[in-house]
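Student: Chain by chain, the residues run as shown.
Number of protein chains: 2
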Amino acid sequence: MSITIKDIATLAGVSYSTVSKALNNSPLVKSETKEKIIKIAEELGYEPNFAAQRLVSKHSKTIGVIWPTVERMAPSSLVTKINEIVKKNNYQMLLSIDTIKNSLETFKKFQVDGVIVFDEQEDEPIAALAKGLPVVSYGVGQDEDEYPIIDVNYQGAMKTAVNYLHQLGHKHIAFVGDFSPIDNRQFEKYKGFLKAMEELGLPVTRNHLINTAGLEWLDGYSAVNRMLQSAAPVPTAIIGASYDISSGIVRALREADFTIPKDISVIGYDNIPQMANLEVPLTSVGVPVQSIADRLVHTLIDCIHGQYKPEQDGPLKPVLTERNSCAQARKIQGV
Amino acid sequence: MSITIKDIATLAGVSYSTVSKALNNSPLVKSETKEKIIKIAEELGYEPNFAAQRLVSKHSKTIGVIWPTVERMAPSSLVTKINEIVKKNNYQMLLSIDTIKNSLETFKKFQVDGVIVFDEQEDEPIAALAKGLPVVSYGVGQDEDEYPIIDVNYQGAMKTAVNYLHQLGHKHIAFVGDFSPIDNRQFEKYKGFLKAMEELGLPVTRNHLINTAGLEWLDGYSAVNRMLQSAAPVPTAIIGASYDISSGIVRALREADFTIPKDISVIGYDNIPQMANLEVPLTSVGVPVQSIADRLVHTLIDCIHGQYKPEQDGPLKPVLTERNSCAQARKIQGV
DNA sequence: TTGAAAGCGGTACCAA
DNA sequence: TTGGTACCGCTTTCAA
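Line order of the protein sequences matches chains Y and H. The opening position of the first sequence corresponds to residue -1 in our numbering, with each subsequent residue numbered one higher. The opening position of the second sequence corresponds to residue -1 in our numbering, with each subsequent residue numbered one higher.
Please keep in mind that the hints were generated in silico from the structure rather than gathered at the bench. There could be a bad hint or two in this list.
The list treats identical chains as one, so a pair stands whether inside a single copy or across any two.
Straight line, CA to CA, 30 Å or less: simulated BS3-like cross-link-like pairs of lysine-lysine [unchecked claim]:
1. 107 - 19
2. 157 - 37
3. 106 - 260
4. 307 - 99
5. 106 - 32
Start from the sequences, fold in the hints, and give me the full structure.
Tutor: Take a look at the structure:
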């Protein structure tokens, strides 16, 4: 059995309720008494019983993160950042890689104070499952949401990327990504691209829209190979829809003896530091993970304290980080 | 406030201790009463209070996993498997990506029954930090360990790979991996390779030992490029020390216009299904993740029940999974 | 400024 | 078979 406040009380010659107050730094205890008690507690290596505390106090200063797909880079990067920020705010983070339903159940048992969800493509409506437990997600914001969704502004990011390339003189810009309409988040990048191109009056034919039908690097790789083998003229610039996809794009281009950025410019979505470690360090666009993580955690904490108001914060701002994978457009080959 | 056994007791017209027994399926309760109580509990959507239960019962049927490095493929694959097996054994899994020290603290608070550690390169001795909490790790077994380390038999895996290539007629086999002696696990693969080559009387010069000095795909990629640029004759086969490294190896070879396996054979360490999704599906070697996960979880559960005996299980068996990235050795180019 | 005591929601023992 | 009750370890009134 481990040390309890009663042990401390006995040693200190006070009642255990006094010990409780002292340990919680209550102003109701004389500072001498307080110091004495704290000293004894430290000597004994006292650790409060968490279960007992929560049986009474209800909150655990813990945030749960549900992350069902462990195998892509950008989320890994984000979850690492979230962990940092959670700690900075005196919370702990616990992760579950189970289904949303199971994870929520587990987290409710353990009485976490709130949950961050990484993936909402599940049948059951999260709000119903959460039942009172504060939940925050990210992706595409919608008005009807019953819990805050941090809008990472995919469309804004795409617009930034397209404008940047346009300023470099590019007109033939291709989008390489997964645009099955099932996946909200991916589809949003696609829509953002279309909109941005349209606003600038740039051409969008099927040759500019390369569907990877998947999110692994290999999907990006094969998509680009297909593009290169088609009869259509090669675009002067490519926007890759994610870190992993972009890594496949770069690989395919280099195998086909394209030099980046001399022969073709490439921008990758996902503003994570790992973009710099690719074969060709990639200029990337997107809300920096740090900002996403910040917003997620702070919104959740506000929810926990009942202080969250929709639209209290402005939209998240996508940033373009230059890394020399883009150059002035050259004469367009072919047409 | 949520439903408690007292609410149920009132409705059922029995005492709450009877409710407790009924809900725990005690044989001391008449089955009619039991059924009635269970029915009411279900109707009310009763969920036992976990904190209260643990304040009394001490164990949580939960296993914690400490996983400080979220960004490599093989561990991701393993953790996913562990989750499955943990569930199959009626436990839950919680993940922490914090430092070992912090994670252990968190897990102790939440009273998990045991912990699986993914990474022991930390200063503090884990056993001391765990203080009674059962811990299991994996990697290289050592006799002095104060907690079980599942030996994944790196040396055996290397031997299997080398023998396999040797039977195909290869004599010039290179090892591409990180062999800084600091990292026990990586170094063990290196030692296994050396030993296996020696046993077969195969030559090992510095041209056969390519140090990646890192574990990312890019490290494998650059290492192979360096190898190809050196004056030394190219080996007829390569063993890559991990999934990520092997992925870099394949990329570098293909860029240099080597056809796998016609021009060169490649085997990758890490027996994970993802090996099949590489550009060239790779023949791989290693204890299958399934077995590693199985052993980890079962050993831990034995420890939890105080039933673990060192050496109760034989060594884990590396398996070679063929995927056509190896062929009969051709005449050696050069020397 | 301190202490006593009533819970929090269960489990488990003992008595009826 | 059931009910009564003493904890588990802590927080939080309320009284002293």
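Student: So, for every hint listed, does it hold in this structure?
Tutor: Structure-based check of all given hints:
1. Both within a single protomer and between protomers do residue 107 and residue 19 lie at most 30 Å apart by alpha-carbon distance, with minima of 27 Å and 21 Å respectively.
2. Neither within a single protomer nor between protomers do residue 157 and residue 37 lie at most 30 Å apart by alpha-carbon distance, with minima of 60 Å and 57 Å respectively.
3. Within a single copy, residue 106 and residue 260 get their C-alpha atoms no closer than 54 Å, and across copies no closer than 56 Å, so neither meets the 30 Å cut-off.
4. In the homo-oligomer, the alpha carbons of residue 307 and residue 99 lie at most 30 Å apart inside one protomer (26 Å), although the nearest pairing across protomers, at 37 Å, exceeds that limit.
5. Taking the closest pair of Cα atoms, residue 106 and residue 32 come within 30 Å of each other only across two copies (26 Å); inside a single copy the shortest separation is 35 Å, beyond that limit.
The structure is inconsistent with the numbered hints 2, 3, although it conforms to all the rest.
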